[in-house]
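Here are the chains, one letter per residue:
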Amino acid sequence: MKDSLIPIRFYKEFMKRDWPDLPLHAQDALANFLMTLQKTPDSPEIIAGAQRDAEGRFGYGFSPGFLVYWRVVREPSMIMQRVTASPERIEVLAVLKTEINLSERAPEAGPGALPEAEQKDLIERVYSQKTTVGSLSMWGTLHSSRTTGRVKGWIVDSWSEGPPYMHSKMHWASFPDYKLHHMQLNIDFSSTMEIGPEDTEIDPVRLVFVHATLRQWEQDWLSEESKKIS
Amino acid sequence: MKASDVTSSIRDFIRAADIGRSRSSILNQLQWTMAILIAGIVAFQFAHAPTWLSVFLAIVFGLDAAVFLSAFLYFMLKRPHSLRSESFDYKMTELMRRRTGEMEAGLYEELSASSDLKVQLKEHTEQ
Chain A
1 MKDSLIPIRF YKEFMKRDWP DLPLHAQDAL ANFLMTLQKT PDSPEIIAGA
51 QRDAEGRFGY GFSPGFLVYW RVVREPSMIM QRVTASPERI EVLAVLKTEI
101 NLSERAPEAG PGALPEAEQK DLIERVYSQK TTVGSLSMWG TLHSSRTTGR
151 VKGWIVDSWS EGPPYMHSKM HWASFPDYKL HHMQLNIDFS STMEIGPEDT
201 EIDPVRLVFV HATLRQWEQD WLSEESKKIS
Chain B
231 MKASDVTSSI RDFIRAADIG RSRSSILNQL QWTMAILIAG IVAFQFAHAP
281 TWLSVFLAIV FGLDAAVFLS AFLYFMLKRP HSLRSESFDY KMTELMRRRT
331 GEMEAGLYEE LSASSDLKVQ LKEHTEQ
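Residue numbers (this note's numbering), protein chains in the order written: chain A, 1 to 230; chain B, 231 to 357.
Think of the hints as simulated: they come from the structure by calculation, not from any bench.
Ideal Cβ positions, reconstructed from N, Cα and C, are used throughout, including at glycine.
Please note that the accuracy of each hint is not assured.
Straight-line Cα separation of at most 30 Å, DSS-like style, residue types lysine-lysine; simulated pairs [as the list claims (entries may be wrong)]:
hint, chain 1, residue 1, chain 2, residue 2
1, A, K16, A, K97
2, B, K321, B, K308
3, B, K348, A, K12
4, A, K130, A, K228
5, B, K321, A, K179
6, A, K97, A, K179
7, A, K120, A, K12
8, A, K39, A, K12
9, A, K130, A, K179
10, A, K12, B, K321
11, B, K321, A, K130
12, A, K179, A, K120
13, A, K130, A, K227
14, B, K321, A, K97
15, B, K308, A, K179
16, A, K120, A, K130
17, A, K179, A, K227
18, B, K348, A, K39
19, B, K348, A, K16
20, A, K120, B, K321
21, A, K39, A, K97
22, A, K39, A, K16
23, A, K228, A, K179
24, B, K348, A, K97
25, A, K12, A, K97
26, A, K97, A, K227
27, A, K97, A, K120
28, A, K97, A, K130
29, B, K308, A, K120
30, A, K120, A, K16
31, A, K97, A, K228
32, A, K16, B, K321
Here's a subset of chain A near chain B, in silico, CB distances under 10 Å, partners left out [said to hold, decoys possible]:
hint, residue
33, K12
34, K16
35, Q27
36, Q38
37, D53
38, I155
39, Y165
40, L185
Using the sequences and the accompanying hints, generate a full structural model.
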């Protein structure tokens, strides 16, 4: 049976860096998932549980807090019939943790204060939403601190597809004051995020839209959480 | 893990890559305009169009390039974050494309069966 399996390729960092860093239960879950994928890459169960992007790559949460991304490479001679062409190999493109290592500059305490210290934390997603109002769109993920368990803030990405035109921009919205900060997100197995200074040049339309939406989402999140408790 | 959790979790991380929509950099529109103008100039040459049409497009291209360079310098000095590709979609796409490119260049490890991972896992557990 082993001979009929579709070969599977892993990105170069996987075996030495990412696989050993997975906890045992996640290693077990990933190995099981990939075994199923190798046997039946087009199985309806896998397709139904996965998300597919515009370029045909798939993503799947194989264990809580862990995601795997792959693509199925098919016979070159049958490019025009990609749906039915037989798979040549599977390429595992990324394995990611959903938690993010966060670093931020502590605000200055006042005149004569010591230079800004860097604060570090590990945050995890607790809620996500997206919305479109007219030409304005945004998505956001609410994150809590792994260290304190408290809500830390939102990652929000906002843009518009019509007047007033606004390019896509990610901000960190601190909780609960919702100050919007510049941020730099680096996505990899261990994703990192650096929070920069407050964005003081933000477009007023974007600012109002993001603030109003986040207030609404906060209410929605609290409502959902209260339902879970009751 | 609930199916809805999985779906929303992945949605956060794999939102459809659509660079046109995400407008990853503030100068994207100017870059696209330059690309379209170059394509137009080339097409006019192949079609043996009147010279004045090509000259006209070349002038517009020159103006666009001048605006692009001026805007780039302005944002580089005043608002460097506007030039960064900050969209989440863009970053995910960037990572996937880099990995795909590396694999095409032969930088990968291949297993004939994922069960080999299980063997590694078992050995690790026994140790």
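Structure-based check of all given hints:
1. A/K16 to A/K97: Holds, at roughly 16 Å.
2. B/K321 to B/K308: 24 Å, holds
3. B/K348 to A/K12: 19 Å, holds
4. A/K130 to A/K228: Satisfied, since the Cα-Cα distance of roughly 21 Å is no more than 30 Å.
5. B/K321 to A/K179: The given pair, whose Cα atoms are some 24 Å apart, holds under the 30 Å limit.
6. A/K97 to A/K179: Answer holds: A/K97 to A/K179 is near 27 Å, not above 30 Å.
7. A/K120 to A/K12: Within the cut-off at roughly 29 Å; holds.
8. A/K39 to A/K12: Cα-Cα ~23 Å, so holds.
9. A/K130 to A/K179: The hint holds at about 19 Å.
10. A/K12 to B/K321: 19 Å, holds
11. B/K321 to A/K130: 18 Å, holds
12. A/K179 to A/K120: Given that 30 Å is the threshold and the Cα spacing comes to 19 Å, the pair holds.
13. A/K130 to A/K227: Measuring from Cα to Cα gives roughly 21 Å; hence the hint holds.
14. B/K321 to A/K97: Status holds; Cα separation ~15 Å.
15. B/K308 to A/K179: Within the cut-off at roughly 21 Å; holds.
16. A/K120 to A/K130: Cα-Cα ~27 Å, so holds.
17. A/K179 to A/K227: 28 Å, holds
18. B/K348 to A/K39: 15 Å, holds
19. B/K348 to A/K16: Answer holds: B/K348 to A/K16 is near 15 Å, not above 30 Å.
20. A/K120 to B/K321: The given pair, whose Cα atoms are some 22 Å apart, holds under the 30 Å limit.
21. A/K39 to A/K97: 25 Å, holds
22. A/K39 to A/K16: Distance of about 25 Å is within 30 Å: holds.
23. A/K228 to A/K179: Between A/K228 and A/K179 the Cα gap is close to 29 Å, so the pair holds against 30 Å.
24. B/K348 to A/K97: 20 Å, holds
25. A/K12 to A/K97: 17 Å, holds
26. A/K97 to A/K227: 28 Å, holds
27. A/K97 to A/K120: OK: A/K97 and A/K120 at ~17 Å, within 30 Å.
28. A/K97 to A/K130: With a Cα-Cα distance of about 21 Å, the restraint between A/K97 and A/K130 holds, given a limit of 30 Å.
29. B/K308 to A/K120: At roughly 28 Å apart (the allowed maximum being 30 Å), A/K120 and B/K308 satisfy the hint.
30. A/K120 to A/K16: 26 Å, holds
31. A/K97 to A/K228: The given pair, whose Cα atoms are some 25 Å apart, holds under the 30 Å limit.
32. A/K16 to B/K321: 23 Å, holds
33. K12: 5 Å, holds
34. K16: 9 Å, holds
35. Q27: Holds - the Cβ of A/Q27 comes within 10 Å of chain B, reaching about 5 Å at its closest.
36. Q38: 5 Å, holds
37. D53: 5 Å, holds
38. I155: 8 Å, holds
39. Y165: Constraint on A/Y165 satisfied, holds at 8 Å.
40. L185: At about 6 Å, which falls below the 10 Å cut-off, the nearest Cβ of chain B leaves the hint on A/L185 intact, so it holds.
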